[in-house]
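The residues making up each chain are set out below.
There are 2 protein chains.
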Amino acid sequence: MESWKETPNGLIKVFKFRNFLKAIDFVNDVAKIAEAENHHPDILIHSYNRVKIMSITHDEGSITYKDHRLTTLIDSLGPYS
Amino acid sequence: MESWKETPNGLIKVFKFRNFLKAIDFVNDVAKIAEAENHHPDILIHSYNRVKIMSITHDEGSITYKDHRLTTLIDSLGPYS
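Quick mapping for you: the protein sequence lines, in order, are chains D and C.
According to my numbering, the stretch in the first sequence is residues 68 to 148, in order.
According to my numbering, the stretch in the second sequence is residues 68 to 148, in order.
Bound-form chain D, shown alone (with noise of 0.2 angstroms):
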């Protein structure tokens, strides 16, 4: 599985998709694993099928075990095949 780039701006990954419908399901998936960790990355719906996510802590400004932890648990999503 492709890796996580850390980066100033936090952890950022690109996922692709089949289709625009499929990486909104990604999107819905990831807005309940942010619920439920209460850390919410930005997120870049982008080039029809494209899901940029980027996860920082903002309170630290720099990228913590929370960061870690969130991009474990979308790792874990899909397929979305």
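Some clues are possibly wrong.
Treat identical chains as interchangeable: a pair holds within one or across any two.
To be verified - Computed list of lysine-lysine pairs in DSS-like fashion (alpha-carbon distance at most 30 angstroms, straight line):
id : residue 1 : residue 2
1  : K99       : K80
2  : K72       : K133
3  : K99       : K119
4  : K72       : K119
The hints are simulated quantities; they were obtained by calculation from the structure and are not laboratory data.
Starting from the structure of chain D, add chain C where the hints point.
Below, chain C alone, put in the same frame as chain D:
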């Protein structure tokens, strides 16, 4: 109602909501419109409760009637209070 900004990247507007889940509700409604119109904007969910919509006609590389139509339909959504 606040208007859309015409930029080189298309028509852009940021919508603010009471919380994250209201923002997600909005995104799902925008997604339904995008599918019905077969015209898919980029959608950025950011800062917990904000959604930025960016609509351009990629085939033309510019803003066209498709973008004006889409943004008008998006403005008709809600409220999400």
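Okay, the hints, checked on the actual structure:
Proximity of K99 to K80 under the C-alpha cut-off of 30 angstroms is found in both arrangements, the shortest distances being 18 angstroms within a copy and 25 angstroms between copies. Taking the shortest alpha-carbon separations for K72 and K133, only the intra-copy value of 15 angstroms comes in at or below 30 angstroms, while the best inter-copy value is 35 angstroms. With identical chains, the CA atoms of K99 and K119 are at most 30 angstroms apart both within one copy (16 angstroms) and between copies (20 angstroms). With identical chains, the CA atoms of K72 and K119 are at most 30 angstroms apart both within one copy (11 angstroms) and between copies (23 angstroms).
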